[in-house]
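There are 4 protein chains.
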Amino acid sequence: MPSPIPVAVLGATGSVGQRFISLLDNHPWFKVVALAASDRSVGQKYSQAARWILDVPMPDYAKDMVIVPASTDSVQAKIVFSALHNEIAKDLEPQFARAGMAVCSNASSFRRDDDVPLLLPEINADHVHLVTQQRKNKNWSGCILTNPNCTSTGLTIALKALDDAFGVKKVFAVSLQALSGAGYPGVASLDIMDNVIPNIKGEEEKVEWEPRKMLGKYNNGKIDLADIQFSAHTNRVAVTDGHLVCASVELTSQADPQTAEAILRDFSAASSARELPSSPRPVIQVREEADRPQPRLDRLTGNGMTTVVGRIRRDPILDLKFVVLSHNTIRGAAGGSIYNAELLVSEDLL
Amino acid sequence: MPSPIPVAVLGATGSVGQRFISLLDNHPWFKVVALAASDRSVGQKYSQAARWILDVPMPDYAKDMVIVPASTDSVQAKIVFSALHNEIAKDLEPQFARAGMAVCSNASSFRRDDDVPLLLPEINADHVHLVTQQRKNKNWSGCILTNPNCTSTGLTIALKALDDAFGVKKVFAVSLQALSGAGYPGVASLDIMDNVIPNIKGEEEKVEWEPRKMLGKYNNGKIDLADIQFSAHTNRVAVTDGHLVCASVELTSQADPQTAEAILRDFSAASSARELPSSPRPVIQVREEADRPQPRLDRLTGNGMTTVVGRIRRDPILDLKFVVLSHNTIRGAAGGSIYNAELLVSEDLL
Amino acid sequence: MPSPIPVAVLGATGSVGQRFISLLDNHPWFKVVALAASDRSVGQKYSQAARWILDVPMPDYAKDMVIVPASTDSVQAKIVFSALHNEIAKDLEPQFARAGMAVCSNASSFRRDDDVPLLLPEINADHVHLVTQQRKNKNWSGCILTNPNCTSTGLTIALKALDDAFGVKKVFAVSLQALSGAGYPGVASLDIMDNVIPNIKGEEEKVEWEPRKMLGKYNNGKIDLADIQFSAHTNRVAVTDGHLVCASVELTSQADPQTAEAILRDFSAASSARELPSSPRPVIQVREEADRPQPRLDRLTGNGMTTVVGRIRRDPILDLKFVVLSHNTIRGAAGGSIYNAELLVSEDLL
Amino acid sequence: MPSPIPVAVLGATGSVGQRFISLLDNHPWFKVVALAASDRSVGQKYSQAARWILDVPMPDYAKDMVIVPASTDSVQAKIVFSALHNEIAKDLEPQFARAGMAVCSNASSFRRDDDVPLLLPEINADHVHLVTQQRKNKNWSGCILTNPNCTSTGLTIALKALDDAFGVKKVFAVSLQALSGAGYPGVASLDIMDNVIPNIKGEEEKVEWEPRKMLGKYNNGKIDLADIQFSAHTNRVAVTDGHLVCASVELTSQADPQTAEAILRDFSAASSARELPSSPRPVIQVREEADRPQPRLDRLTGNGMTTVVGRIRRDPILDLKFVVLSHNTIRGAAGGSIYNAELLVSEDLL
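Chains as they are written, first to last, in the working numbering: chain A, 22 to 371; chain B, 22 to 371; chain C, 22 to 371; chain D, 22 to 371.
In isolation and in its complexed conformation, chain A is listed as follows:
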């Protein structure tokens, strides 16, 4: 890479925004040139505006940057990473695309649009080419790329490996999700201390639909949704980072746990997504202990980009049961968006 690509973070003070700023520190291709946030913060130095909540320190580069408004006038970049709330993203992200910028978004606003890639590069890198169709349809030179909700992320990566090998027909998924998934301030401490909250608004619908798009076939400028049935229960538990999913799956062809384990362990990304700066190494780590993966012990596997799977065993009703863990603000949010941006660059689609 000759000179670094200028990038910006929208919604820079929130919890996902902070993770973007942390992960972009010393990025080999990207240089952060603008941090945008709401009016309340505009004009302040980042170190004053942000209530930093990560357990890794705020990078030096960000401390003295002055927050700008989240508008195309104030932000001059090639790529913008969006940690905006959905309602705001709906209005703002198209403006940035129209202004010629590539928007890599965490918001759910455009995930279901036919010409917007919903991307996990290790499993559906070819979907990135939807942006060509998108540019034609929308008549803009930028683009919008999305990553899925943080609970679908790890689950879908594991399912892809199994689907390629055996065909997946039905999936029961019950999540135990971390607090950082709700942003900051997010969940009140009195709601979660010594407690579980057995619902996360809107999440079950996402987990029951988004994997079908990601596991779908890219076909002539559009995606054919995968023909897989999903049933999801979503729960909030007292964990800071790391979403765990208990899954039971029905397969098209028989698979014993040992074979499935080998398939998961050996899964690799398409070559286009394999050697990018944020590529997970490995894509999937299989744990053999009887009680892993666990959020606190395993969430930072592969710098938080690896999907960790364990307890692969027969299901008495369907075929297989297993447990999946994924770091929700790294692989499932900011790290995923950065990985998407890297794919866009390496595919010459910027």
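In short, the hints are calculated from the structure, not lab data.
Here a beta-carbon is modelled for each residue, glycine too, at the ideal position from N, C-alpha and C.
Hints may be right or wrong, so weigh each one.
Pulled from the structure, derived: some chain D residues nowhere near chain B, Cβ distances all over 10 angstroms [said to hold, decoys possible]: (1) W50; (2) V63; (3) K66; (4) P115; (5) S162; (6) Y205; (7) D212; (8) D215; (9) R233; (10) L246; (11) Q250; (12) V260; (13) E282; (14) S289; (15) R313; (16) R335.
Examples of chain B residues toward chain A, derived with CB under 8 angstroms [as the list claims (entries may be wrong)]: (17) P80; (18) F193; (19) V217; (20) E229; (21) H254; (22) V260; (23) C267; (24) D312; (25) P337; (26) I338; (27) K342; (28) V344.
For this one, chain A is given, so just place chains B, C and D on it according to the hints.
Frame of chain A; chains B, C and D shown alone:
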């Protein structure tokens, strides 16, 4: 009741033992005459021997009782409540039955025996009559009664209501279980802080089998196992008390969520189990909020004896999804055993 | 008591408001006739307006009460319990006093006023007579009574016993405070999970001043502040209820730990405050274990009204060290206000 | 450094042992040649014997090492890092010193011995020369070096800066200590969930004595204890790593908070301890926010070797109050021992 029935607690110092002692305080029928524990504690006053961990104070009656050995020589009672570990229970409980005492046990050692009732009086009170067969088979005048593991408890009660109304064919169950279920000291704090443990040794097998016995038909001195398939994932979470289960079920006849909700709400115990001192009032409470039941807020419903159900909704693969909560050391352990004993007494089987 | 005294709760939906509603259920003297809250809630049934966060269920009497505005037009009561925020309390509470009602307040707005009692009936019941002076000064027929901040509460009760016996000169106090002290939603879960927050805004100033008023002498219509020096550090920890304080004290006359322990254990309230419905029984409980009091195990001692003290030992610099626990939303907030109201009634000052 | 120095870890499977193994990964001077543990583990591969509890992965070098007995026959190294329990350390550590090895110990067994350095290189590097006296006294060629208990560590470092500048006379210290300080399994989850344990056995005595030795003057082969009075309360809180101490101090000469803050910020180690591989950079970080340091956010400052101080303000009784945070298993245990070993090497005392 003319004069109180003398009862004893075996394994009195542990976490379930403490719950027995707490729940038996001022019991209208029973009077605690002996507390038995391991050799290490024998001869000490209970208040010295027990490291009390409940958030309700130790009852006065227990403080000065002197711990005796868990042997039929040392314990003179009509009913013994057993909070013994399985390996010990296997040896000791038959000795007490042989000595003419009714053993109401939390241990899993005899749950699968054909002539041992596995009892939740609000749903299978008639199974108590297995003890007549048991006495014949074993040639003893006492008996052994068991209650199921704490995760099966609430789930099976909810399933019974649905099974009576619609027929249950398949059940997916994922548990989020409390720390007190592992006893004391049980789970190390470093293992559960900011974490989930996605396995509880031996628990999934129990959840996949025990409900089938409890939902089975009592028939001429034996139980025909219910023809229902179960698939279970069990998890430990950072909650002190209260096991939550996410369940998806397939039914024989169609049921919409509203009808199922009414069926659950209106479920009542057989008349023999309805008006006992520990009878749950109501048997099932249905919560209508989008995010209930929750362990901290709902576990003490009906003094911890009520099963709380919420989020009854359609399942995209099977028929219905819902969430069940049950207090694991009250309804799911000590309170359940006491309820069993009350049924035995009121049925004149003591 | 012939007929119940009509009372109201201001700020009824918040965490302290909920505790008022819970503690006033079946109160022998008081009957709740109005629940007032902010405009957002007015007109709704209480069960709809309040997000109930206590682990005891919402009392039936409250469920269908319709929320009214917190104004003297809407509230017809003899006593109003105020769980209002300080800024609002500053304006509203005098209006209620002027309208002839006795305001028993948790807010800090008037605690420092010369003619407003800052009351812990078990230690300074005579201070209640300040209301006579207050009525004269303010020319109103109602009155304002306050209870101290929840951290000062237990500490000051323990200090009173020691001060009466030995004289207290200096006090170091370091608190470990519960989450419910910050209200709801209060502390964000991401701020307290696996963490301590070593500051609570404004709290140290209160702990360094309020005990001096409560330990002061009532003298001819005013209080002479006690001549005691305080130094406080305040911390928030991951506990739902129960404030713990580590204290080191310098005394005027020598006291060995055993004597101090006896003095604390035997402390009793003035006769006027000893037999009220909410009187703590005992006022102080001394725990002898090496590691008590503990919030989870001891906060409900005496229904949450008792102050629990432990680890009384020599201090290498001053005279004595000890640990104090008090339930912050019962004795330290709603329960304290109710106790204050009971004293006002029994002293014929209503 | 020409060739790496062979080192061993005693007590390698425990929580401090794990931290040693993690911190010694890629150490520029040291190479781990032996891992020793109790008989139960001997002969197993480390990856099988250890239940790894750190949230950073087990280093590859350790996985296949076979556990050896903790005896001088089995361990051939120049330096042994001891994470042994005190009773075992008392017997074993002298054997290793006698066999010519330098024992860098976390145990408390020899901390009070006149000729054993109690070392925090950033504040008392010269104390390392006690080993010359020790070798003479004990007639052995190895040596024993100790680091203080984890609560004294950060406190003493902050006190040293203040003592050099203003003289310290009295110290009140109240700790809020992390769970990892108790080892594994250590504190039971039911003991700390929603709770605080207001005592840590033996800890207050250590905090009241150890700083006096470390702040003492090295004088002709012995240490004159510093003439400072300490009073300590120690508490266990629900935090995984990071001990927080609230301190109030009396000084010999007046100091305003701003000056003290500058003194703390500018404190640097003696030149002999300043540029070692594990030297904290900076020694002390001062946080200016009103609510820092916090364990989760600040414990990894300077890779866990930096002492973090905040809230420096006037004390109403003594002179200054402040809060200190130190990572208890890095700076306060394994990292501290490694730093000690580096000093020993660089001072040519190995």
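So, going through the hints one by one against the coordinates:
no.	hint	result
1	W50	holds (30 angstroms)
2	V63	holds (23 angstroms)
3	K66	holds (22 angstroms)
4	P115	holds (31 angstroms)
5	S162	holds (39 angstroms)
6	Y205	violated (6 angstroms)
7	D212	violated (7 angstroms)
8	D215	violated (6 angstroms)
9	R233	holds (32 angstroms)
10	L246	holds (35 angstroms)
11	Q250	holds (34 angstroms)
12	V260	violated (8 angstroms)
13	E282	holds (32 angstroms)
14	S289	holds (35 angstroms)
15	R313	holds (20 angstroms)
16	R335	holds (36 angstroms)
17	P80	violated (24 angstroms)
18	F193	holds (5 angstroms)
19	V217	holds (5 angstroms)
20	E229	holds (6 angstroms)
21	H254	holds (4 angstroms)
22	V260	holds (6 angstroms)
23	C267	holds (4 angstroms)
24	D312	holds (4 angstroms)
25	P337	holds (5 angstroms)
26	I338	holds (4 angstroms)
27	K342	holds (6 angstroms)
28	V344	holds (5 angstroms)
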